[in-house]
Amino acid sequence: MWHEICFLRRLAKSKTSLSDFYCFTYNKLQERVDNSARSLNYLIICCLLVVG
31 MWHEICFLRR
41 LAKSKTSLSD
51 FYCFTYNKLQ
61 ERVDNSARSL
71 NYLIICCLLV
81 VG
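Residue 31 is where the sequence shown starts when you use our numbering, and the numbers rise one by one after that.
For the record, the hints were derived by calculation from the structure and aren't laboratory data. If a hint is listed, it holds; no wrong ones were tucked in.
FRET-style restraints, in silico, Cβ to Cβ:
id, residue 1, residue 2, range
1, Y56, C76, 26 to 32 angstroms
2, F51, V80, 41 to 47 angstroms
3, S49, V80, 44 to 50 angstroms
4, I74, D50, 35 to 41 angstroms
5, L73, Y52, 29 to 35 angstroms
6, V81, L59, 31 to 37 angstroms
7, V81, F51, 41 to 47 angstroms
8, D50, V81, 46 to 52 angstroms
9, V80, Y52, 38 to 44 angstroms
10, D50, V80, 42 to 48 angstroms
11, I74, Y52, 31 to 37 angstroms
12, D50, L78, 38 to 44 angstroms
The beta carbon of each residue, even a glycine, is placed where N, CA and C say it ideally should be.
Model the full assembly from the supplied sequences, consistent with the hints where possible.
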């Protein structure tokens, strides 16, 4: 969320540079990857509990 605020503030001040856009996109992708990994871990734990 903080990255979004910084990005929008910078965009309002001036036209965004390619590096800013890249950083913003990278942060968004990183969040998605983290969420997916967490979901997968929960799924594995649930399976182990059910099987065990």
